[in-house]
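Chains as they are written, first to last, in our numbering: chain X, 1 to 218; chain V, 1 to 461; chain U, 1 to 1021.
There could be a bad hint or two in this list.
Straight-line distance between alpha carbons at most 25 Å, and here's what the computed BS3-like set of lysine-lysine pairs gives [said to hold, decoys possible]:
id : chain 1 : residue 1 : chain 2 : residue 2
1  : X       : Lys185    : X       : Lys155
2  : V       : Lys207    : V       : Lys370
3  : X       : Lys56     : X       : Lys155
4  : V       : Lys32     : V       : Lys309
5  : X       : Lys173    : X       : Lys155
6  : U       : Lys947    : X       : Lys201
7  : U       : Lys123    : X       : Lys173
8  : V       : Lys370    : V       : Lys291
9  : V       : Lys291    : V       : Lys207
10 : U       : Lys948    : X       : Lys201
11 : U       : Lys123    : U       : Lys947
12 : U       : Lys948    : X       : Lys173
If you're looking for bench data, these hints aren't it; they were derived computationally from the structure.
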Amino acid sequence: MPQIFGRSFNWFANVSIVGGIAVASLLLGILLNINRLDYVSQVGVPKSQPVPFSHKHHVAGLGIDCRYCHTTVEETAFAGIPPTETCMSCHSLIWTEAPMLEPVRASFRDNTPLHWTRIHDLPDFAYFRHDIHVSQGIGCQTCHGNVDAMPLMAKAQTLNMEWCLECHRAPEKFIRPREEVFNMKWVPPHDQTAAGLALVKEYQVQTSQLTDCSVCHL
Amino acid sequence: MSEQVTSTRQQYTPPPPELGPGQTSHTSITDKITSIVLTPHTPIQWFIVVFIGLSLVGLLQVSIAYLLYEGIGIWGLNVPIGWGFAIIHFVWWIGIGHAGTLISAILLLFRQKWRTSINRSAEAMTIFAVMCAGMFPLIHTGRPWLAAYWLFPYPNSMGVWPQFRSPLIWDVFAVSTYFTVSLVFWFLGMVPDLASFRDRAQNRVAKVVYGILAMGWRGSAVHWERYEMTSLMLAGLATPLVLSVHSVISLDFAVSILPGWHTTIFPPYFVAGAIYAGFAMVLILVIPLRKLYGLQDFITLRHLENMGKVMLTAGLIVAYGYFMEQFIAWYSANEYEVYMMQNRMFGPYGSFYWALVLCNIIIPQLLWSKRVRRNTVWLMIISIVISVGMWLERFVIVVTSLHADFMPSSWDMFYPTFWDWATYAGTIGFFLLAFFLFVRGMPLIAAHEVRTLLPFGKKGK
Amino acid sequence: MTASNLTASNEAEPNEAEPNEVGQTISRKQLNLDDLRGRLARPGGPAYWRSLDELAGTEEFEAMLHREFPEQASEWSDGVSRRNFLKLMGASLAFGGLSNCTIQPEEKIVPWVRAPENLIPGKPLYYATAMTLGGVGTGVLVESHMGRPTKIEGNPEHPSSLGGTDAITQASILDLYDPDRATAVKNAGRIATWGGFLQNLDQELTLQRSQKGKGLRILTETVGSPTLGQQLSFLLEEFPEARWHQYEPAARDNVRTGAALAFGEPVNTYFDVAKADVILSLDADIFNSGAGSVRYARDYAARRRLRNGESELNRLYVVETSPSSTGSIADHRLALDSAAIEAFALALAGKLGVKLENSPEQPSYDDRAGWIDALAADLRNAGAASLVVVGDQQAPILHALGHAINQSLGNIGTTVHYTDPLEVDPVDESRSMHELVASMLADEVEVLIIVGGNPVFDAPGDLDFTEAMEHVGFRAQLSFYENETSERCHWHVPQSHYLEAWSDIRAYDSTASIVQPLIQPLYNSKSAHELIGAMIGQAGLPIRDILREYWQQETFADDFDEFWVRALHDGLLADMAFDRRRVRLRSPIKISREFGRPRGDDKFELAMRPDPLIWDGRFVNNGWLQETPKPITKLTWDNAALMSPTTAERMGVDNEQVIDLTLPGRSALAPVWIVPGQADGVITVQLGYGRRVTGRVGTGAGFDAGPLRTSAQMWGARDLKVIKTYDRHPLACTQDHHSMEDRHLVRHADLDHYRHHPDFAQHETHESPASLTLYNTNEFSSTTGNAWGMAIDLNACIGCNACAVACQAENNIPIVGKEEVLNGREMAWIRVDRYYTDLDDPEIFHQPMPCQQCENAPCELVCPVGATTHSEEGLNDMAYNRCVGTRYCSNNCPYKVRRFNFFQYADRDTPSLKLQRNPDVTVRSRGVMEKCTYCTQRINAVRITAKKRGTPILDGEIKTACEQACPTEAIVFGNILDAESRVTDWKASSRNYGILTDLNTRPRTTYLARVRNPNPAIDKG
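Using the sequences and the accompanying hints, generate a full structural model.
Pasting the structure below:
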């Protein structure tokens, strides 16, 4: 009786062994890292805004302090998005005709708020608070990146939980002196860990507590 | 060529023969077994069972869909009774699975030749039982997609992992390992027979299909040698699993602090119970099958009787377990333990407990009598009784321990709903369906192994 | 907080900015009520939650819903409700956390155009106001998140509260957001306008004016608002022939009449429980019902503390028909029917030598329990420090008798005080209603204005108010819900919630408060002030100005503005309470022949009571109150015919069996509920249930006991007959097992025993020494300097369930409905367990059960995903977003305090409910386990403030919701590492013990054993 599968089919077996492993590991690799892809985390992707507001110009160029606009960053969870009148406090005097700023003037004129697009966006079950981070010596730059170099605002970090935990597990790696929090140019010292530990001690950062669920999830 | 091989492997012919008088030659054996599959004719009973199976599977799909849509509120659960039918049936099915592995692995290591004619079907039963069991942990959260993700958290960008102190995690590993090994073992065992199917099949489709499944088996001495080696290794792997799986499952309960669960005797007592239930299920399947396909010569009364003996033994161990629970509850003088035991016997669920004693301890004692052990009808009835008994055991353990634990103010009752029952019936349907499809398309009996049972020298032409 | 309160009161000057971004509207509402008036007129009214979803970007939102599992969508779609306001706008962003492989949808941030002052996103503000019930006020503080009132607390500065509240007050916030409340002015059932109504009303009034208002009748509930009273008097000046009637079903007629009997005028009586060493309650549930109960409960509990070695207690005797909260904590409790209670009072009065003018045959009291002598002696010894209280529902004569006894004991001026009546016009309301119906039937009434209330439903059974209404040409009603009465009115005007409108009110001791609104009316609703105002030409006049005007005349403050600001800030008007009255008894009191006459042997007694939670039915649509177990019976969602086991036996009925309660010519069907400790032969029913027309929650719940009342017998009858039926009506009870099974859960002793064995509670179970453990005990201590713990004083708990409702409000706990309660799936994070010792004369114990926060938590190690873990400071954390719902933790929790969302219980579709939710607490979804976390959101908030402040957290700075609400201060929470903290002090008490500690769970919540103070002269049983 004739064989349906001749010897030639044997190579299937051999290939399938090697190939199977190869394909599997490839898929696994993709699966493991998909959340870290910028495409997913939207890192470095600017979004369309009613007005192409440039942090670079206002921070680096004009040297305006973060808190001039983000007024509640030290007081409460929400850093605060400036009301139109804040913009107008200058732009009623300079660039009063700039077409680019028409939406701002319109907002002020018709008393209709601007609808900015949110860049840094945590899930609702993560209760992040700006005030405590700022007061414990975590710089704006640490999470928001070099905003002073961003003509258009974009995410600098994934904001994945593992990223939060990097710092919550070892704050000494990121903590800086309180007075440097709003300094965009600050660079960590060579002995950051040592200096960090000192600050952690000084600011009474309770590292043991930072990984409790209830610190972020209420 | 297989002759040479078998002849080389022929150690001894145990008295009395494992095979009935009908089977005289290798050919007749192979003919008989292949004829069940390689034939256009299918017995009407087969269609009936498969129809029942299909309709129950339909019910299963509906009840699962509804569950996912509404949440587990559709079941009779509440606080304090957080676990109900889902867990009961998870344990019940897993238990049933055990017989297969026991027969194929442990008895293989013990060189119990009589096992050869039942191990294949028993293994198949294992596979399907574990599948049924596996469904319950998945759906019992009402949100399987989440359960699956958190227990196997990939892709993980959270930097946190499952909690390995929890027995529920051990479950995931225990059961999945068990399933994988059993599956491989089962398939490996079938390869030589699939090869003979391939060779004997008439129509081309069958040839191709069995050809692929046979994975180029030529029965060369090398093949046989590797085959033997692998099956021994797998047997070695599977043997500890027989014990570990149900031990781990028993830990789901034993690790808790709940009176009635927090018990050190659980692991051995669960394993024994599993074997008990497993053999019962094997008999429930095999007895009708041998009649339906005239396999009396392969699955002889001797097989049935042996299984009866195993059940009797397992049953006695289980009985010992029950007794120990009672004794420890009394001996501990712990007010909660004592109350739990009294409540179990005389509380609102008392009837279940006594029914359990009747089914699992009293009735099976009939197996002491040889007449009963060799009477298929009796065996069938007792097996069914035992399956019911083992279901009751799980019900009693899960529900009576939960419904009245430490806080009298929180005590409550458990009433299964329609959907509880529907899901259970559905899994039974799935089991039947799968098993009968197997019977129709796969070698129900390990022909190549059975052949080795022939008295030395008798060979086909 | 001070600052913010001042803000609230500063709102006089309107803020020029014209709001139109809806987000701002919310956030500015309470900052500035006036400039929003205009918006109110806008058709459709402010519907800002709708806008919330717009802001969230409905399309993306919908898209997301479709992209994900519907279950998942549901899991987060109500995200809008649980974030700080600007986050609110990002419902759709919630999906970011749904599964990490989803790209987050775009979310908008909508800043103000011009930022309001004093409003920091995410910082709640607190305002003082007052809640009115039955014409009497209670001072409260209301928490407001970005303009949404979310939580009600007691006002520590107000005498009626001292910071505590009762369950009803806690739950009243839910009514504000009730989607079923009346939302639009209706004319003959069709939506109309306020303007249209005024026009129509004016025509009628001009007609009436011509005839001095002869055909005009005003029907209000009991009016306790001085300003409203003044408006009404203006009205009556304008229409001299018009009549003003008052009626509400739970009116305190008997109290007023009783006072009148005793003193010739219906003076207001209130008590100083703190001064009382011996208290006798004659069927008065003073600690959990009626005016001043919160304060009374607190003062009583203050005398039960047994702090640092003190070993004296006050003593409470309760004689009652049906077990009440007050009875359950009594040192001596005696169950008698009302006739026996009257006889008892007579006998006692006789013993105390009170001069009485007895009826010819005086009922004799058979003193089986041997109380009279002992009690009389005890009262006499206590002298002026004794107190006799009579229940609101008792006969006027009994009240008079009570006054007489108090006077003869010299209590007046020490424990009992009198002032002018709190009501603007104290009338006998059932008579007032009687007259009204009579004149309606006589066709004298042409215009009937009903201000609040629901007479068609709750007028006495013998008055056919419905029929009478047909004789009236013009009928208009102002009420919060559209109810049975609204159906029969030409006009219905929605009534504003007390958090929406200005008013004023007097508390139990006549302390006056301004009721200030926290939010513009959500719908086009009006207050009584506005309606009456409109009738006297004050239409459109801001009520606040009318109030200011009134109080300006009342006070002689040289700087009224400052006085006003202060009043709003403190929540009470300084020195505006009445002076105490010296009243003289018109002795001797005449005892009628009916008084204390026992009922016939073949008859039962019917006792009517307002429901402890639903009250007279006005809260029937409040889901929180419906699902809160009644203090004693633990029933939810229903009222029932309560009877003693003996009575049930005699009658041959059992629980849930329906019986027919019949009085001559009237009857009602009611399910039986057997209550140990009920007086034999007495069947107690609660009012307010069996509503036909109200919201979805209340309709059809329970049975209507109203028909059994007559204007003569408002609170019961002694000629009740009972007919058995064989129907059954399932009752949802949250506790099925009532015996403690000797498990030492509630530990208790008599004072005498306590004096000899102060630490009796610590030796009731065998516990292995703490050292005897395999665990490293250091792991239980905290490195942060804070370790949270709680202690609950069982000597103080009266089982009122205020804690449970407070918890529900604070933690966004959903209600599940009667069916699910029957399935045993209620969600209460803190439940109050109630145990009986025996069936016939039981002792009753309450035990609040929050999560015990075990240091060795059994729930933690069985969770496969680590969704519940231990925090450094000793909390048993629960990460809802990680929970997959295996329910193993609940199985393994010996205290059974974990709750599971078997279905999607949290309402994610009703916009108005979203506004009530606490933005700092996740709204749990289906398939998630939840539990008490000691209000971890409050802990976090304070911890962060303290860190920024750079000083440690102060004791009492964090209050859990239950602790804050508790009227008796039975719960204390704090840092057990702080040697000075109250909780440390409590836990150091010899009465301190933990339950089920033999399991080595090491609970952080412990209990202080209960100590009773029985009178040795009375041997119990």
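Verification of the supplied hints:
1. Lys185(X) - Lys155(X): Answer holds: lysine 185(X) to lysine 155(X) is near 18 Å, not above 25 Å.
2. Lys207(V) - Lys370(V): 45 Å, violated
3. Lys56(X) - Lys155(X): 14 Å, holds
4. Lys32(V) - Lys309(V): 28 Å, violated
5. Lys173(X) - Lys155(X): 21 Å, holds
6. Lys947(U) - Lys201(X): 13 Å, holds
7. Lys123(U) - Lys173(X): With a Cα-Cα distance of about 31 Å, the restraint between lysine 123(U) and lysine 173(X) is violated, given a limit of 25 Å.
8. Lys370(V) - Lys291(V): 21 Å, holds
9. Lys291(V) - Lys207(V): 28 Å, violated
10. Lys948(U) - Lys201(X): Holds - the C-alpha atoms of lysine 201(X) and lysine 948(U) are around 15 Å apart, at most 25 Å.
11. Lys123(U) - Lys947(U): Holds: lysine 123(U) and lysine 947(U) sit about 16 Å apart, inside 25 Å.
12. Lys948(U) - Lys173(X): 21 Å, holds
This entry does not satisfy hints 2, 4, 7 and 9, going by the numbered hints stated previously.
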